[in-house]
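K.L.:
One-letter residues, chain by chain:
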Amino acid sequence: KAGVTQTPRYLIKTRGQQVTLSCSPISGHRSVSWYQQTPGQGLQFLFEYFSETQRNKGNFPGRFSGRQFSNSRSEMNVSTLELGDSALYLCASSFLPGTGDGYTFGSGTRLTVV
Amino acid sequence: QKEVEQDPGPLSVPEGAIVSLNCTYSNSAFQYFMWYRQYSRKGPELLMYTYSSGNKEDGRFTAQVDKSSKYISLFIRDSQPSDSATYLCAMINNAGNMLTFGGGTRLMVKP
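Those protein sequences? They're chains A and B, same order as listed. Take 18 as the starting number for the first sequence in the working numbering and just add one per residue. Take 12 as the starting number for the second sequence in the working numbering and just add one per residue.
If you're looking for bench data, these hints aren't it; they were derived computationally from the structure.
Pairs of lysine-lysine, BS3-like flavour, derived with a Cα cap of 30 Å:
no., chain 1, residue 1, chain 2, residue 2
1, A, 30, A, 74
2, B, 53, A, 74
3, B, 81, B, 13
4, B, 78, A, 74
5, B, 121, B, 53
6, B, 13, A, 74
7, A, 30, B, 53
Stretches of chain A that chain B covers, calculated by requiring three or more beta carbons in the stretch to come under 8 Å of a beta carbon on chain B:
no., segment
8, 65–77
9, 105–115
Just so it is clear, CB atoms sit at the ideal spot from N, CA and C, and this is done for glycine as well.
Produce the complete structure using the sequences and hints provided.
P.N.:
See below:
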């Protein structure tokens, strides 16, 4: 079966711009979570959506937002980009949230802010 | 101090060696323990999953959880060059909230 698909794979943006990243989960999975990965901070949780509702949110500023659609696809948006937002953004899907064996990650979107 | 601590390495071993990777954690509410492998330019791939304390074996991989010591381990037997990657431990608390990751250990297996 198809895995988690993230688009685009690479993105270069300028400071102050906004960006939208997309995640298509595995068919049948209803939970989508987002993570930011940087060399200095590692993998940090952004937020999780289940059945179109935000279930949990990490410790990130309000510039980071997301949503989930009725087909479980999810988008995350970062407004007013800063240089420090340069990172690999990973999406993970699972059938249900909070089950350790169910999280499958996509290959990520590499965002570079210049 | 981070909730989950992991030695960043790099850890360099010869092919065929037994590799031991470890994480310590501070949150006693963690109940689910995972090990992920991440190759360069790829997302993390789940290797092992353990609920609460105990051992679990899958082929060349063995995961151990010691909740009393707040310490988890991953052992790789007969290591191969294809095992060269970054290994991440991750945990979920009993409320089923988000994955909390260690910083990752970079492993290099030399032929």
